[in-house]
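Engineer: Line by line, the protein sequences are chains A, B, C and D. Residue numbers 1 to 441, in UniProt numbering, belong to the letters of the first sequence in order. Residue numbers 1 to 441, in UniProt numbering, belong to the letters of the second sequence in order. Residue numbers 1 to 441, in UniProt numbering, belong to the letters of the third sequence in order. Residue numbers 1 to 441, in UniProt numbering, belong to the letters of the fourth sequence in order.
It cannot be assumed that every hint is accurate.
As the list makes no split between identical chains, a pair holds if one copy fits it or if it spans any two.
Unchecked claim - Simulated pairs of lysine-lysine, DSS-like, Cα-Cα distance not exceeding 27 Å:
| hint | residue 1 | residue 2 |
| --- | --- | --- |
| 1 | Lys245 | Lys271 |
| 2 | Lys286 | Lys430 |
| 3 | Lys34 | Lys286 |
| 4 | Lys258 | Lys437 |
| 5 | Lys286 | Lys259 |
| 6 | Lys245 | Lys286 |
| 7 | Lys96 | Lys195 |
| 8 | Lys229 | Lys397 |
| 9 | Lys430 | Lys258 |
| 10 | Lys245 | Lys290 |
| 11 | Lys259 | Lys87 |
| 12 | Lys271 | Lys409 |
| 13 | Lys370 | Lys338 |
| 14 | Lys338 | Lys437 |
| 15 | Lys370 | Lys258 |
| 16 | Lys258 | Lys78 |
| 17 | Lys409 | Lys206 |
| 18 | Lys57 | Lys195 |
| 19 | Lys397 | Lys79 |
| 20 | Lys79 | Lys338 |
| 21 | Lys57 | Lys409 |
Don't read these hints as lab results, they were simulated from the structure.
4 protein chains.
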Amino acid sequence: MLLKLQHTVSKGYSQVKLPNNFAFSPPSRMSQSKGTVVLAYSGGLDTSCILVWLIEKGYEIIAFLANIGQEEDFTEAKKKALTLGAKKVFIEDLRKEFVEEFIWPSVQANAIYEDRYMLGTAIARPCIARRQVQIAIQEGAEFVSHGATGKGNDQIRFELTCYAFQPSIQIIAPWRMPEFYNRFIGRTDLMQYAKEHDIPIPVTPKNPWSMDANLMHISYESGILENPKNHGPPDLFQMTTDPSKSPNQSDVLEIEFKKGVPIKVTNLNDKTTISSSLELFEYLNKIAEKHGVGRIDIVENRFIGMKSRGIYETPGGTILHHAHMDIETFTMDREVRKIKQGLSITFSTQIYNGFWFSPEGEFTRHCIMKSQENVEGKVQLSVFKGHVYILGRESPKSLYNEELVSMNKQGDYDPSDASGFIKINSLRLKEYNRQSKMNPK
Amino acid sequence: MLLKLQHTVSKGYSQVKLPNNFAFSPPSRMSQSKGTVVLAYSGGLDTSCILVWLIEKGYEIIAFLANIGQEEDFTEAKKKALTLGAKKVFIEDLRKEFVEEFIWPSVQANAIYEDRYMLGTAIARPCIARRQVQIAIQEGAEFVSHGATGKGNDQIRFELTCYAFQPSIQIIAPWRMPEFYNRFIGRTDLMQYAKEHDIPIPVTPKNPWSMDANLMHISYESGILENPKNHGPPDLFQMTTDPSKSPNQSDVLEIEFKKGVPIKVTNLNDKTTISSSLELFEYLNKIAEKHGVGRIDIVENRFIGMKSRGIYETPGGTILHHAHMDIETFTMDREVRKIKQGLSITFSTQIYNGFWFSPEGEFTRHCIMKSQENVEGKVQLSVFKGHVYILGRESPKSLYNEELVSMNKQGDYDPSDASGFIKINSLRLKEYNRQSKMNPK
Amino acid sequence: MLLKLQHTVSKGYSQVKLPNNFAFSPPSRMSQSKGTVVLAYSGGLDTSCILVWLIEKGYEIIAFLANIGQEEDFTEAKKKALTLGAKKVFIEDLRKEFVEEFIWPSVQANAIYEDRYMLGTAIARPCIARRQVQIAIQEGAEFVSHGATGKGNDQIRFELTCYAFQPSIQIIAPWRMPEFYNRFIGRTDLMQYAKEHDIPIPVTPKNPWSMDANLMHISYESGILENPKNHGPPDLFQMTTDPSKSPNQSDVLEIEFKKGVPIKVTNLNDKTTISSSLELFEYLNKIAEKHGVGRIDIVENRFIGMKSRGIYETPGGTILHHAHMDIETFTMDREVRKIKQGLSITFSTQIYNGFWFSPEGEFTRHCIMKSQENVEGKVQLSVFKGHVYILGRESPKSLYNEELVSMNKQGDYDPSDASGFIKINSLRLKEYNRQSKMNPK
Amino acid sequence: MLLKLQHTVSKGYSQVKLPNNFAFSPPSRMSQSKGTVVLAYSGGLDTSCILVWLIEKGYEIIAFLANIGQEEDFTEAKKKALTLGAKKVFIEDLRKEFVEEFIWPSVQANAIYEDRYMLGTAIARPCIARRQVQIAIQEGAEFVSHGATGKGNDQIRFELTCYAFQPSIQIIAPWRMPEFYNRFIGRTDLMQYAKEHDIPIPVTPKNPWSMDANLMHISYESGILENPKNHGPPDLFQMTTDPSKSPNQSDVLEIEFKKGVPIKVTNLNDKTTISSSLELFEYLNKIAEKHGVGRIDIVENRFIGMKSRGIYETPGGTILHHAHMDIETFTMDREVRKIKQGLSITFSTQIYNGFWFSPEGEFTRHCIMKSQENVEGKVQLSVFKGHVYILGRESPKSLYNEELVSMNKQGDYDPSDASGFIKINSLRLKEYNRQSKMNPK
């Protein structure tokens with residue numbers, strides 16, 4: 001049942017390669033059906049209500065739930081979706097492709113939105129939506145649907161990905177439909193609807209904020225956090241230990257990179273060594289969680305033009321960010337780095353705005369990838385009480401030349417060259433001085 | 001004696017306004033003098049030897065020692081310079097102008113070189129050199145001199161500033177003169193020379209690295225740090241407590257900004273309040289020192305094209321960087337921020353390379369200053385174990401609209417607008433998909 | 001009747017200063033009126049039909065027709081609007097403010113969209129819309145309306161300007177309303193409607209393309225031009241002579257700039273001299289028209305994501321572009337120029353996309369204006385057969401130093417400095433060579 | 001004799017592949033020889049004097065003269081060099097590689113320095129110098145030499161290329177050596193020296209300006225042109241007809257591109273068709289020459305920081321620039337184009353400053369090349385009286401969608417989407433307005 005598509009992204013994201021035994025099946029539907037909807041299903045109250053509501057509206061539902069590392073009882077969720085009326089349920093483990101195709105390129109790029117946000121939610125959306133629209137293609141569904149709100153970024157990231165792969169897809173976004181949002185004004189309305197439609201109601205009371213979790217990060221926003229002055233409550237964080245309660249002993253890691261991607265982590269304290277992508281990232285998460293690394297509280301600018309406040313924890317990603325930045329500067333030429341820095345900012349905005357799968361996203365990733373060819377070597381760092389400290393680095397491909405830079409050796413360097421260099425660089429300044437004196441303001 | 005120039009930087013840095021009672025005195029010199037040199041004097045072994053060596057070579061020396069917050073016995077240094085033969089000594093407290101004219105603009109800019117270095121040395125050089133060349137103009141000296149090495153950035157920052165203010169100035173850089181550097185190959189040669197010329201020899205043994213300190217930061221480099229793999233030794237840091245030994249209780253501060261500049265700091269723990277510039281910055285240094293904030297270990301790209309390894313501590317500056325970034329994003333329009341982010345990177349490179357006083361430096365600062373008009377409000381943050389945590393913020397000029405962004409209120413926002421927004425944004429992606437399908441790769 | 005608002009743009013575009021004798025009059029309307037609409041009226045078939053249609057729908061209409069230099073019988077247009085039922089008509093001569101507040105800043109910026117388009121339509125829209133929304137405010141109208149299509153840029157430029165000045169304004173864009181565009185599918189439907197409602201029908205047959213004209217340029221698009229392979233027909237151009245029929249004798253002009261703005265034009269052939277802004281620009285238009293200067297045929301990328309084909313003529317603007325570029329490079333420091341070049345590209349996109357009045361537009365213009373402080377001097381150029389040839393330039397503020405650059409004089413320049421400069425610049429290249437040889441690909 | 005190296009640039013410029021029959025021969029020299037110099041020889045007075053002067057100084061000379069399309073009697077030049085004492089002479093036809101490896105990438109990049117200069121000299125230097133340093137490696141010469149002046153850009157472009165390929169190379173730049181430039185202060189000194197050393201003296205009097213010619217362009221500078229106000233004399237131009245004397249009948253061309261490179265030119269007037277690279281470029285030169293296309297007169301900023309005045313003619317390159325720009329915008333996604341526009345500016349500065357062969361040059365070229373994958377199709381244009389007029393274009397890979405953009409068809413486009421798009425885009429503007437009103441300036 002769980003047909004796995006082979007998608008060969010590198011050959012252009014518009015090409016979805018279908019498995020050999022794939023036969024396009026026209027959407028079988030009852031005469032009265034409005035068509036089939038692949039719904040991004042989370043198992044929670046919102047998307048459960050949406051599932052039932054869509055059936056009520058005459059659609060057939062395929063529920064799709066991606067495992068991108070969030071805590072979830074997937075078996076239970078599948079059962080629930082089927083119980084609620086889904087004609088099919090796809091539960092897919094996308095964790096490995098999330099790490100390799102989305103987190104790694106972001107690490108290579110040093111992707112950071114507005115100097116602070118590590119884009120943990122933003123890179124998960126195209127990963128999920130790509131698979132969802134592939135299922136729609138494969139299952140002959142004309143519709144996809146999701147439970148994202150009408151004010152956020154995720155609706156955009158989700159839908160642009162769908163359009164990029166399947167321009168003819170039709171999207172049902174209930175939270176943007178007056179018929180839906182006027183009916184479900186608050187959580188009470190959803191609870192009421194759930195009760196009326198035998199939708200299981202969450203037993204634990206909802207936190208006064210919302211949360212989005214995946215392998216890379218958890219975001220917290222809305223509710224009491226909407227007042228940007230309010231401090232995040234101490235019990236907010238799920239993914240990292242409070243630094244004030246974290247161990248008094250650091251972990252010292254050595255991370256090895258090749259082409260800008262981490263290929264091996266060694267814990268120098270206990271000699272743990274990990275080198276497969278998903279496990280490696282999970283291990284960094286574990287270490288960072290232990291030491292309370294990766295918490296930020298920011299106000300950011302959404303694509304739709306609002307400012308919003310978010311609290312994020314990105315444990316493993318934060319360690320990697322520091323380590324990659326270090327090995328990159330160590331091995332990359334200064335001027336290439338400058339250009340790449342500009343591309344990274346551009347890329348980060350693309351990701352944030354939902355253009356991972358776009359001509360410009362594809363182009364920028366290609367250029368960044370090219371810049372990483374020599375980004376290779378080992379970084380040693382210490383993780384302690386919420387912070388990452390770089391300790392040292394080495395590389396077979398470094399452009400660092402210890403003899404050249406040494407204060408004690410002259411090396412192949414003639415200090416008098418610097419005199420000429422400085423004098424030539426001063427020419428413009430002297431001319432400006434001359435001109436300013438002739439034209440005092 | 002200590003004639004204080006009024007320099008009116010805002011009117012163009014090429015104009016040095018002399019005090020009313022100023023009379024230009026032609027350099028009085030003995031017939032055999034080669035002229036007068038204003039020497040940037042530190043009181044240490046190197047510049048003491050240079051002082052004596054220059055006299056030996058036939059120059060008259062005015063020693064200049066700027067107080068920019070480094071630990072130093074200035075009275076002692078003055079006495080020493082006079083003893084060694086300087087005909088005049090200027091000791092000047094530049095700390096307030098260093099904070100207001102150099103640190104504040106850097107904070108406004110979020111100035112960071114290569115994503116990590118906060119430019120603590122780089123912004124001190126133009127502050128010192130401007131005063132030095134002003135003294136040269138005032139005293140009728142044709143020469144300035146300094147003890148910077150021939151491989152570093154400081155020689156450039158120093159000299160470009162001098163040329164910018166006084167194009168005709170002549171610069172003596174002994175460490176670039178074969179006559180000098182071939183004579184003084186190692187520290188032993190300097191010690192020997194000192195012994196022969198009654199130059200007091202430092203009693204404490206030299207660390208196996210070099211150090212540069214000012215109000216904003218200390219840098220450590222060369223010596224054993226030249227091997228980029230070597231970890232910085234635990235006793236390296238002078239300006240911050242080891243985070244593992246710092247208090248188990250955070251300090252919570254509220255920093256208030258106006259036009260992007262901090263105007264008030266309140267410690268919410270003990271209600272300490274400070275609002276004058278120099279004291280405010282010193283207080284932040286104190287808090288950051290206490291909690292071990294601001295240490296980094298990086299490899300960077302020098303202007304002359306070498307990679308070098310530096311360890312830096314920037315305690316107060318690190319707190320301000322986080323706080324300013326937060327209030328800026330809170331109050332600045334998204335698109336203005338994007339442009340300003342680009343200008344900041346440009347400005348940081350200008351500073352690093354020594355072009356603080358240059359047409360482009362002046363222009364960039366002006367633009368950045370303009371961007372700060374509404375950067376106003378209060379940021380609350382916690383300082384703990386080497387890290388700064390933003391907790392919340394408020395501003396009378398924020399562009400944040402709590403009602404607009406709220407998940408629970410619709411506000412003046414129609415979610416269906418987002419549908420059109422997304423569809424229009426998908427047009428390019430659909431066309432690209434169409435074109436790609438017609439031209440499979 | 002023709003109440004002229006004093007708008008003080010420099011103080012922030014959100015402030016509309018009303019004349020002293022201004023009294024806010026609440027919109028008088030009949031009980032059944034849906035409210036008052038200020039309609040951007042052109043006098044043509046489309047907006048005449050819209051005017052009548054809006055009345056039919058229950059609105060009261062204030063027609064607004066801006067004179068921005070297009071050929072038009074404004075008296076006739078006013079009469080027509082009143083006849084069709086407008087309760088008021090504003091005909092306003094915005095030519096001078098169009099030149100001074102919109103064309104001049106574009107000249108200062110060297111504003112060019114996608115390397116070719118001089119933005120003649122794009123800068124006219126905010127000029128017109130600002131006045132229109134001011135009238136709406138003044139007249140107490142809740143609505144504004146326009147005849148721009150739903151696929152173009154102008155709807156965006158128009159409406160963003162309105163929202164920027166009056167966020168609560170409501171916009172009626174008939175060509176985006178199914179009720180309207182489904183009724184008026186082709187020109188025939190409009191003609192039919194006009195006939196039925198006594199709307200005068202144009203006597204001259206419509207060209208198989210559309211046109212937009214103002215003081216700065218005429219654009220031609222759609223119709224037969226939609227096929228990007230089709231050549232523009234020879235009789236297309238209204239604003240410039242066919243270069244093959246233009247005079248065989250050039251005009252030689254001297255244009256004088258101050259702060260990047262042309263302040264005087266002298267025709268060196270006949271000594272004509274003009275120095276007031278509007279007349280100066282009209283004169284350049286005249287000269288350029290005579291010599292067929294300023295025609296381009298391009299495909300461009302619209303803000304909504306489509307590519308479209310446009311043919312443009314920008315006669316006087318093209319001359320100014322060449323002249324300004326020349327005097328700017330002559331007087332502006334190289335590094336300032338680089339930064340400004342980036343700002344110009346950013347600004348051009350802002351203008352194109354309709355963000356003239358926006359935080360970022362305001363900021364960018366401020367920065368560009370700052371860069372123009374020393375852009376002063378005279379450029380001599382020849383206009384001939386469709387082309388502009390720069391001949392020479394002079395300036396009291398140039399950074400050009402004839403002695404310094406001379407091949408025959410050494411000036412204050414030591415050629416051996418260049419050796420050091422080159423060697424230092426080669427350091428990175430040598431390290432890269434070393435690293436490449438150690439790691440052959 | 002004319003040993004042709006196979007250089008495989010694509011594999012990294014640091015690798016010079018030597019021919020199979022190559023045997024490294026240690027520089028044979030007489031005991032008193034200081035070593036062998038590969039001299040970039042032009043056949044003119046300057047480099048002839050340098051050749052003899054270097055021999056006088058004790059060097060052995062290998063003269064190297066590259067044919068990059070300049071007018072020259074190469075056989076005569078070879079004879080002359082041998083007569084003057086060169087021990088070997090290399091005359092090499094680099095025209096094809098100049099077109100394919102240097103001009104084509106510049107066309108792909110739309111490379112333009114400071115918005116105007118097409119870099120005709122700048123791209124020739126690395127082409128020549130690469131071959132020169134390859135000869136030095138092959139012939140075991142420790143030195144290279146050239147006749148470029150000490151104030152210009154060419155010395156830098158030349159030498160950086162040499163260092164990039166052979167870091168240990170030693171460069172003799174006589175015009176930067178006091179011994180040389182103090183001896184040869186003016187042309188008279190060179191003439192005198194030539195007379196004394198039997199160096200043939202040019203019979204034609206030297207123009208009062210200097211000139212540099214190659215296949216792509218001729219530059220004119222210095223002498224009477226150093227006064228930036230002086231008009232270029234009518235008899236200056238060698239490569240293009242005076243537009244006032246050019247034909248009254250245009251040539252209409254169709255240029256076909258593939259991956260951003262012209263692969264075929266058809267003259268639609270006479271059906272001439274050309275498709276091999278060198279011939280194609282020469283043909284465009286011929287057509288442009290005939291119609292006087294490609295003349296500019298500019299002031300530019302040299303890398304060393306001076307402003308200089310240059311007059312350039314770039315006939316064929318100008319046609320290609322217009323044509324490529326057109327097909328590129330037609331086929332390239334808007335956002336990719338924006339990024340590529342930034343890269344082009346960066347690349348142009350790299351080229352101008354002599355960093356064609358550098359890590360950043362290699363990287364930027366790679367990215368630009370990637371952007372050209374779909375830049376394919378045909379452009380029709382008219383060449384007439386100094387100007388190039390684009391007439392139309394077509395492409396199998398265009399992102400232009402005639403149906404989508406049509407004013408008369410709705411296509412797959414819902415105009416009401418634009419309403420949402422505009423409203424969402426206005427959100428920021430409304431917030432800014434709100435904030436401005438609350439905080440009037």
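Engineer: Now look at each hint and say whether the structure bears it out.
Structural biologist: The hints, checked one at a time:
1. Lys245 - Lys271: Result: close both inside a copy and across copies, 24 Å intra and 26 Å inter.
2. Lys286 - Lys430: This pair counts as neither: shortest intra-copy Cα distance 57 Å, inter-copy 41 Å.
3. Lys34 - Lys286: neither (46 Å within a copy, 63 Å between copies)
4. Lys258 - Lys437: between (54 Å within a copy, 19 Å between copies)
5. Lys286 - Lys259: within (24 Å within a copy, 41 Å between copies)
6. Lys245 - Lys286: This pair counts as both: shortest intra-copy Cα distance 15 Å, inter-copy 24 Å.
7. Lys96 - Lys195: neither (37 Å within a copy, 68 Å between copies)
8. Lys229 - Lys397: Cα proximity of Lys229 and Lys397: across copies only (14 Å, versus 47 Å in one copy).
9. Lys430 - Lys258: Classified as between; 23 Å across copies, 46 Å inside a copy.
10. Lys245 - Lys290: both (9 Å within a copy, 19 Å between copies)
11. Lys259 - Lys87: Intra 44 Å, inter 48 Å, cutoff 27 Å: neither.
12. Lys271 - Lys409: Answer is neither: 37 Å inside a copy and 53 Å across each miss the 27 Å cutoff.
13. Lys370 - Lys338: both (14 Å within a copy, 19 Å between copies)
14. Lys338 - Lys437: between (34 Å within a copy, 24 Å between copies)
15. Lys370 - Lys258: The answer is both: 13 Å in one copy and 23 Å across copies each meet 27 Å.
16. Lys258 - Lys78: neither (39 Å within a copy, 51 Å between copies)
17. Lys409 - Lys206: between (65 Å within a copy, 18 Å between copies)
18. Lys57 - Lys195: For Lys57 and Lys195, the Cα distance is within 27 Å only inside one copy (18 Å; across copies 46 Å).
19. Lys397 - Lys79: neither (53 Å within a copy, 47 Å between copies)
20. Lys79 - Lys338: neither (52 Å within a copy, 47 Å between copies)
21. Lys57 - Lys409: between (79 Å within a copy, 26 Å between copies)
Hint check: violations occur at hints 2, 3, 7, 11, 12, 16, 19 and 20; the rest are consistent with the structure.
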